[in-house]
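K.L.:
Read off the chains here:
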Amino acid sequence: MIKHLWDRIKRPVDPWLLLFIIFLFIVSSVLLYSASNRDLDKVIDKITFMGISLFGMWCIANIQPRVLMHLALPAYIVGVILLLAVEFFGVTSHGATRWLNIGITRIQPSELMRLALPLMLAWYFHHFESTLNWRHFLGGALIIAAPFILILKQPDLGTSLLIASSGFYVLFFAGLSWRFIGLMSGCIAVFAYIVTHWDMCINVLHEYQCRRIATMLNPMEDPLGAGYHIIQGTIAIGSGGWFGKGWLAGTQTHLDFIPERTTDFIFAVYGEEFGLVGNCILLILYLLVIFRGLMISNSANTLFGRLLAGAIAMNFFTYALVNMGMVTGMLPVVGVPLPLISYGGTSMVSILATFGLLMSIQRDRSLMKG
Amino acid sequence: MPMNRRVVMNHHGERNAFQVRLAAAAFFILAMFGVLVGRFVWLQVMQHDRYLTLAEQNRISLVPIPPSRGIIRDRNGVVLAHNFSAYTLEITPSKVGDLEETIARLKGIVDITPKDRRRFKKLQEETKDFETLPIRTKLSDDEVARFAAQSYKFPGVEIKARLFRQYPMGESASHLIGYIGRINDKDIKQLEDDGRLANYRGTDHIGKLGLEQSYEEYLHGVTGFEQVEIDSGGRAVRTLKRTPPQSGKDLTLSVDIKLQQMVEQQFAARRGSLVAIDPRTGGILALVSQPGFDPNLFVDGIDPQSWSELNESLDKPLLNRAIRGEYPPGSTFKPFMAIAALELNTPIVNQVISDPGYFIYGGHRFNDSKKGGYGSMSFDRSIALSSDTYFYQMAVQMGIDNIAKSMAMLDFGVPTGADLPGERGGILPSPEWKKKRFKKTAQQKWYSGETVSIGIGQGYNAYTPMQLAHATATLANRGVMFKPHAVQSIMDVATGKKMIVEPKPVKTMPWKPHNIERVIRGMEGVMTVGTGAGVFRGAPYVSAGKTGTAQVFSLKGAKYNANAIKERLRDHSWFIAFAPSDKPTIALAVIVENGGFGAQAAAPIARKVLDYYLTGKLPPDPAALAASAAAKASAPQSVSTVSAEVVPRD
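Read top to bottom, the protein sequences are chains A and B.
Residue numbering for the first sequence follows the numbering used here, starting at 1 and increasing by one per position.
Residue numbering for the second sequence follows the numbering used here, starting at 1 and increasing by one per position.
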């Protein structure tokens, strides 16, 4: 009886992915205790969220990919409608309108889009698999453009770029022509060149966005304003050295120098207390998760599965890269949490939901074999 | 066939192409992570020494500068709440090794009383260890000098210059002004939810009660910041940049503190409440709840002993009776019944009924407070003489639904929306209310006999003095209702700009002018020939009013004898009034708990308020007036009921 139940519980779960997630959770809890100045309540909060997210992941893992395919279009449409609702009835906080009040709590529809957009695109290319041509890629671009523009208007440049990139990965795996990719890379390079030069930048972006970029390039120009985050973050990481100052011993952390140290800047705490060795261990853990995702993608038996799994793995990689790049001063400061490590329920739930999709795709393949 | 083959080939080709893409992605990932590792090595190995030095020596810190809190003044500019600067001795428990030992050593330098110790202990239980807490406030210059000389012996203990809130009026108007207290976890959560937490960095206090709470946003101001370079010991080396704070805004109240204090003196040791409103604007002129408390005790955490004294006192000094005390309105309810009956064209308003001193309804006998009755009773005499028999019948003719609907218009049953936190809405009885209030079906049914006592303000009826004053003001203002508010204007100290709180009519009652005047004539009668005539004899203005008595103790058939029952079980004495009755500038409601019937305790206070407000002086001989009032007023009512369920009073 119990064995039966156990089988039922573990059936949809990919043991490798689960193992890596648990490793990351352990790192995360230990780190949060230090970053929050030994606030056990916060750690317990976080562990509760881990439990909830794991359950959510398991639930999604139980859904057959063909059911997911049916959900793709409705989820995308609901997502776009919610984003439109934000545009008109959204809650404004800190100058940006990102939230929707649904009575009990506030939701951030852009989080739903993180899931819905790759799902939608994977379904879309799967649907037109046999007749695929450049027009379909144009259609895919339009599917990306709708949420991208809506989120950009909130304004939330960081999230809109990240969501667009998650859509781009689907296009990439679906076979977007290399020539076009080359062209786009060229455009990005030109854009990067423009925005890193102040007088050109202010013609294309908001002034505060240009200031962020300029600050990233030279944080010392504005050491007490926008540069503060970057300077304190790099000081924390740099002073960590090879092995770090040790758990609970980071002076930057505990003297309150690192802003947002339990959320977006938690990597600075990690780098200060665990050093280069710790950083590399974290990178390896992330690589394991990402490569497991790519393996699932490779062995999936439908185009839908391949595209979705690939995009999910790449998306996870992008979040990790952008956060660490931002904290180490290589990318401008955008509000991106360190996946699975930062304190914050919504991001954890939505990441594990995507892992639920991965597991569902993986299980589908095993079923076909068996 | 060829077609089919192409699809299969395509499929294969697709699979291969996909793997190429995967490989490219994997390469990209490794390359990017490689860049990250390069950056880590650069920061953590090659530049490590530099960053370590920076971390150890050169730290830039943001030091918040809390704004000074807005000042509260009465309508004549008398200061009711202000700030003064003083030094406190503060301890950060997490930075102190042995707390007991440290405090013991500190005692040799500054004076620390057992009361300070108790207060500190309570603060410590309520906050986290790494916060700094005051052990002694308001240090003398000597104490500051003595500690400064030896501060090196006390790590984790420091002297801070801080602004203190002070309430110079002490207990006077304490329920109105409220107080500030230390920010606790609940406040932090609230501030966080509202997105205001950042503005409270460096601020220890927040409005907890009264106007201090409801006008927190205005009073607090905007926190400034000083960006300083600090050394490894945490000491400030130099200031790099300073953003000055913006002081909180000053409040000017419509309240006249002299009037307020005069009323408080009239209450003396008695419990009760008075709310006086300018009917033309809704501006609160006085808001008294007696007894009060000293708000200064709360500012830096009240010591447990004073707290339990206040909290456990039978007199409930912490209860704001004006907005949270719910009492049956007794006969002060009758003018509002009367206007409703006129508007509904209830038959009784045009009838002269026979008044034997009781009313029989559904087999119950409802007694009048006037033994034997007046023989006959008409609408125009019914208010002045407070005829219960008349209003019993009026209530029955109107029916409970009509009564509830009419009274709801006057905000009976809901808070008036005054600018004070925690206002209660009272109980407006109706069949719907009863269904919600009681769980058991048997209790949920509305008995028509219950309607009878509702007519004279008894039964389930219960309202706050604020609600009575609000309804009286609305009637006085001929049906145009304003929201009661205590703050008249808000001033930005920096710009000197004054924001006037515009009185806006909330709603206008659909009353016909001649109906309003008929009720007001009746209320004028109270003051000239009726139950309030003794107290208001010789007043140099025409006023309108109504006495009321709210029963505390259900007599169940026994005879009411004020002397025979304990003081706390005596009836509450009510009075509502406004003047001058043709163009009222003041309307009020006053209740004296256990003061007996309406004319006895409450009416004399109302008289003094009207005299003071309209003529600027106190009545000639209060003692003689009170004596004559007692002699004139009708005898306390007796109640005999056929059934114990229905207990009419007044």
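If you're looking for bench data, these hints aren't it; they were derived computationally from the structure.
For every residue, glycine included, the Cβ atom is placed at its ideal position computed from N, Cα and C.
Some hints could be false.
Unchecked claim - Reference excerpt, derived from the structure (chain A facing chain B, CB under 8 Å, subset only):
#1 T48
#2 I237
#3 L331
Claimed, not checked - Heads up, simulated EDC-like pairs for lysine to aspartate or glutamate below, C-alpha to C-alpha not over 20 Å straight-line:
#4 K186/B x E158/B
#5 K42/A x D193/B
#6 K189/B x E87/A
#7 K42/A x E217/B
#8 K189/B x D39/A
#9 K186/B x E207/A
#10 K42/A x D185/B
#11 K95/B x D39/A
#12 K186/B x E129/A
K.L.:
Against each hint, give a clear statement of whether it holds in the structure.
P.N.:
Quick rundown of the hints versus the structure:
1. T48: Nearest chain B Cβ about 17 Å off; hint violated.
2. I237: 5 Å, holds
3. L331: Result: violated, 10 Å to nearest chain B Cβ.
4. K186/B x E158/B: 27 Å, violated
5. K42/A x D193/B: Since the Cα atoms of K42/A and D193/B sit roughly 17 Å apart, the hinted pair holds (cutoff 20 Å).
6. K189/B x E87/A: Measuring from Cα to Cα gives roughly 28 Å; hence the hint is violated.
7. K42/A x E217/B: Roughly 29 Å between the alpha carbons, so the hint for K42/A and E217/B is violated.
8. K189/B x D39/A: 15 Å, holds
9. K186/B x E207/A: 38 Å, violated
10. K42/A x D185/B: This hinted pair holds, its Cα atoms lying about 14 Å apart.
11. K95/B x D39/A: 17 Å, holds
12. K186/B x E129/A: 57 Å, violated
Going down the numbered hints, you'll see the structure goes against 1, 3, 4, 6, 7, 9 and 12, while the others check out.
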